[in-house]
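Asker: Each chain, written out:
There are 2 protein chains.
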Amino acid sequence: MTAFQEETATDEEIAAEAALYTPFTDAVRALVDVTIRTEVDPDEIRAAQVEIEAIVERLRKKQIPGSYGVRFRRDGTRGRNWGNTVMGLRNPIAPPLHIVNDGQGQAWSDFHLGAPYEGPPGLVHGGVVALVLDQVLGHAVSTSGRPGMTGTLTITYRQGTPLGDLRCEAWVDRREGIKTWGKGRILNAEGELTAEAEGIFILPRWARDLDALRAAAEATEAG
Amino acid sequence: MTAFQEETATDEEIAAEAALYTPFTDAVRALVDVTIRTEVDPDEIRAAQVEIEAIVERLRKKQIPGSYGVRFRRDGTRGRNWGNTVMGLRNPIAPPLHIVNDGQGQAWSDFHLGAPYEGPPGLVHGGVVALVLDQVLGHAVSTSGRPGMTGTLTITYRQGTPLGDLRCEAWVDRREGIKTWGKGRILNAEGELTAEAEGIFILPRWARDLDALRAAAEATEAG
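Here the protein sequences come in this chain order: S and F. For the first sequence, the numbering used here gives the first residue as 1416, with consecutive numbering after it. For the second sequence, the numbering used here gives the first residue as 1416, with consecutive numbering after it.
Among these hints, one or two may not hold up.
[What the hints assert, rightly or not] Taking lysine-lysine pairs in the DSS-like style, the calculated list, with each CA pair at most 30 Å apart, reads: (1) F:1598 - S:1598; (2) S:1598 - F:1594; (3) S:1594 - F:1598.
In short, the hints are calculated from the structure, not lab data.
Generate coordinates for the entire structure from the input sequences, incorporating the hints supplied.
Answerer: Structure (structure tokens):
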């Protein structure tokens, strides 16, 4: 299992990597899309397969043993989650979502979902709706200054979510002890509500210990 | 928007298509995985990108205008959902899941999730857990003889779900009017529970009309 890793790259190195891998991953995203949609002759499919297998073999010559993980800086600032299914710059499965937040518990993202995200004909897969809401709710909660692991997530489907341009909004609803309630919704291109979510996020044990240490330190200072 | 389409291919044609597209899509799945994990030199990444872009251009010469949709047979038997995000034979995003069912409301799947499905380091993305559960619950409900659209879906996360070999099980819990309750769970390679789900599936209006028509026909026959 890949553990949390320390980020060893400088800002310049990370920027150079992003410039290299962004267009590369976009090319693979386009290939994913056309793999579903192409109608060229069987011989052309077989020829493309042989070429893709050869590219895979070359790229596998040097690779990370497991998954990408998340690379954190020693100063505690949020690290790189470039392998993430929803946001990962290097993950062709990720649309990817670019999530904006106000640091006060609100987060939102405008994004586009095409053919690879289909469930019912012409509609976004209900599970993909849940996947996006989980990520944006988690982002709202974690950037509000209080990290949380998803405890429960409830999705209410109001109507089909059409493939195309979409928006997801999420916010921190309330807090109680180690629990934070996040809420969110998906809007279609006309701004109509298609799905809603409520999630309960639990403060991880390591953060609780940190909280206890801080409280003890403050009590000592006050004393 | 892609509508439901009629299946025009014969069984033999579908088998030939499956034999063509299965290894092709598997090659693209391997490329998705290595796109995240490769550490070869930048020049090799750039060369691969140029080749992939050329393949995409060739495959795009003839393609379906929108998404794949679902192709149904005129006799009403379930059609091909080869573009589906979770099960699609032609969708490189799909692991794909092969779901087994007993036709009585139970469904299950043994599957493997690698690097592209990562959320927290080494763990399956919480939203991917929801995506898999949504598909398997929906499958259990629809193959029980009563189709349903997901109304609500609640996921309870018990512990992190490790990347690797996993199992998902789902079953119909109960029915009441137009609602069917499905339940399900994810087990890790040691058989330990990692997440549970409950979903409420609503009988679509067209199926209700069908039910009403059948009841009327039966009443007429009985009379």
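Asker: Now tell me if each hint is right for this structure.
Answerer: Quick rundown of the hints versus the structure:
Pair hint residue 1598 of chain F plus residue 1598 of chain S holds up; C-alpha atoms about 23 Å apart against a cutoff of 30 Å. Taken as a hint, the residue 1598 of chain S and residue 1594 of chain F pair is honoured in the structure, with Cα atoms around 25 Å apart against an allowance of 30 Å. For the given pair, residue 1594 of chain S sits about 25 Å from residue 1598 of chain F by alpha-carbon distance, which is consistent with the 30 Å threshold.
Checked against the numbered hints listed earlier, the structure breaks none of them; every hint is satisfied.
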